[in-house]
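Sequence lines, in order, name chains A and B. Take the first sequence: its position 138, counted from the start at 1, is 138 in the working numbering, and no numbers get skipped. Take the second sequence: its position 30, counted from the start at 1, is 1030 in the working numbering, and no numbers get skipped.
Hints listed in this document are in silico derivations from the structure and should not be mistaken for laboratory results. Take the hints with a grain of salt, since some may be wrong.
What the hints assert, rightly or not - If you anchor each label on the Cβ, the simulated ranges turn out as follows: (1) A:PHE100 <-> B:GLY1144: 34 to 44 Å; (2) B:ASP1019 <-> A:ARG218: 47 to 57 Å; (3) B:LYS1012 <-> A:VAL222: 33 to 43 Å; (4) B:ALA1020 <-> A:VAL205: 29 to 39 Å; (5) B:SER1190 <-> A:PHE233: 36 to 46 Å; (6) B:TYR1016 <-> A:PRO40: 30 to 40 Å; (7) B:ASP1019 <-> A:PHE233: 27 to 37 Å; (8) B:LYS1171 <-> A:PHE100: 46 to 56 Å.
To be verified - Listing some non-contacts, in silico: residues in chain B with all C-beta distances to chain A over 12 Å: (9) GLY1013; (10) THR1027; (11) LYS1036; (12) LEU1039; (13) ALA1040; (14) ALA1049; (15) HIS1137; (16) VAL1142; (17) PHE1168.
Since the model is a prediction, treat every value here as computed from it, not as a measurement. Note that CB positions come from ideal geometry on N, CA and C, so glycine has one too.
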Amino acid sequence: MWNPWLNRYAYLLAIATLLLVVAGASVTSNEAGLSVPDWPLSYGKLMPEMTGGIFYEHGHRMIATTVGFLSIFLAVWLWRVESRGWLKKLGLAALGAVIFQGLLGGLTVLYLLPKPVSISHACLAQVFFSCTMAIALFTSKGWLHGAPEVEDSGGISLRSLAVGTPVVLLGQLALGAGYRHKAIGLIWHILGAVIATGVVLFFAVSVLSYFQSHRPLRRTAVALLSITFAQVFLGVGAYMSRIATLEAPQPMPLMVWFTVIHVAVGALTMGTAVLLGIQVLRYVRRPRLEVEARQMATT
Amino acid sequence: MDATPACAKQHKGPIYSEDAVINANGTLKNAFVYIKSGLAKRDYPVPPAPVKLDQKGCIYVPHVVGVMVNQTLEISNSDDTNHNIHPMPKENREWNESQPPKGDVKVKTFPKEEVPPILFKCNVHPWMRAWVGVVSHPYFAVSGEEGTFTLKDVPPGEYMVGAWHERFGVKEVKVKVEAKQSLTADITFSAN
Ligand SMILES: [Cu+2]
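Based on the sequences and whatever the hints tell you, model everything.
Put into structure tokens, the structure is as follows:
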């Protein structure tokens, strides 16, 4: 049974989470992470004066709190009405992730931005966002109705790419976070971009060329390709604006905005790759020959 | 700065960045000068009077200051807005504390020598920066409006005098001080 309000609510959480990623990225770009030295309160209050860097840091905390409450409600909702046990558990796992994420955020403040914690906080944000997108997919009408299965063509298996592509993208996001938190040089993120873009292109173009007439697969693959192109463009923009404003008083708004949007679209790239991966794992069967070979081996 | 009225109202005219202030006579303000080597190793008495660092009009005043190891630094907030005080030392312990409007004076000490000076930031107001040099003896100074500095009561001997400026880097000069002598040494920085 399709529950339209549950599905809409899941979308709402995903959108709120993307906003939260924007807010978090703004904190880093404006170097505002330490503008509020205390946590969980801000200047000993629930609501400090929202001035200067405090606007970004406390704003991030407020949106994060909202997303936390939205996640509690979603987990409870899924637990009460959902018939698929694994989806109930996914709701709980997402809630656990967002709570842990909040604690990581607190640790960054209290321990003055230790690099491993800041980078983990950035990566877990991406994983949680992908999780909210997946829940939105699993509660969608299209997913519940299903679509015909198709057979993997062999060669490099699409099912492996379905798992591998999000993993490569998470690695690339970690390199980006590593650069932003000054743990590694930019060159690693640029090299990562070449590899990640190559893997995404290979995955999405393969899906498109084999299963062009399969509506859910085609739509997600096209979305993934478009978002990835936008992301590469934004990455170049973020780099160019950084170079162009190097001598100006920091942080420069142009650079901040390019970078923040690059981070958010990075989350969107990862999330869309996860959706395509999930759809491929559901709709694309292993090649028949391989399945038969396995059956032979077991009997 | 206009984003925070409590900051802007403290200023009448335009506000300039203090990272490179050239005085009217062509000299350089805010260079931190100290005896780098040549002093006898001994414990110099720590002056009981504290060194003061204020936040006024959302600017750290003074921009560059020196303290002796374990001498107290009193940090105050004369503004009607919140600041966070965030020194980013390499040798001493890093900390980050908030200070509400006209809040209690913070009393801090630094147990280890540190030059180049410690960068103090405020993350609420990204332009706010101060530099605090920590030296194990009392022979240090910051160049002022005339571009001059004075190291008083230096015992006779041969010394390396170091000078540090946030934009123009470090310079060193050798000096030889005789008993009861007053000596002038010029240090020249060039823009890079
Ligand atoms: Cu401030």
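Results of checking the hints against the structure:
1. A:PHE100 <-> B:GLY1144: 34 to 44 Å: Given a distance of about 52 Å, which is not inside 34 to 44 Å, the answer is violated.
2. B:ASP1019 <-> A:ARG218: 47 to 57 Å: holds, 55 Å
3. B:LYS1012 <-> A:VAL222: 33 to 43 Å: violated, 59 Å
4. B:ALA1020 <-> A:VAL205: 29 to 39 Å: Roughly 53 Å apart at Cβ, these two residues miss the hinted range, so it is violated.
5. B:SER1190 <-> A:PHE233: 36 to 46 Å: 42 Å Cβ-Cβ, so the 36 to 46 Å window holds.
6. B:TYR1016 <-> A:PRO40: 30 to 40 Å: holds, 38 Å
7. B:ASP1019 <-> A:PHE233: 27 to 37 Å: At roughly 34 Å between Cβ atoms, A:PHE233 and B:ASP1019 fall inside 27 to 37 Å, so the hint holds.
8. B:LYS1171 <-> A:PHE100: 46 to 56 Å: holds, 50 Å
9. GLY1013: holds, 18 Å
10. THR1027: holds, 24 Å
11. LYS1036: Holds, since 29 Å exceeds 12 Å.
12. LEU1039: holds, 34 Å
13. ALA1040: Label holds. Min Cβ-Cβ 37 Å, cutoff 12 Å.
14. ALA1049: Non-interface label stands for B:ALA1049: nearest chain A Cβ at 28 Å, farther than 12 Å.
15. HIS1137: Given that every Cβ of chain A is farther than 12 Å from that of B:HIS1137, nearest at about 30 Å, it holds.
16. VAL1142: The assertion about B:VAL1142 holds, with a minimum of 23 Å to chain A.
17. PHE1168: holds, 16 Å
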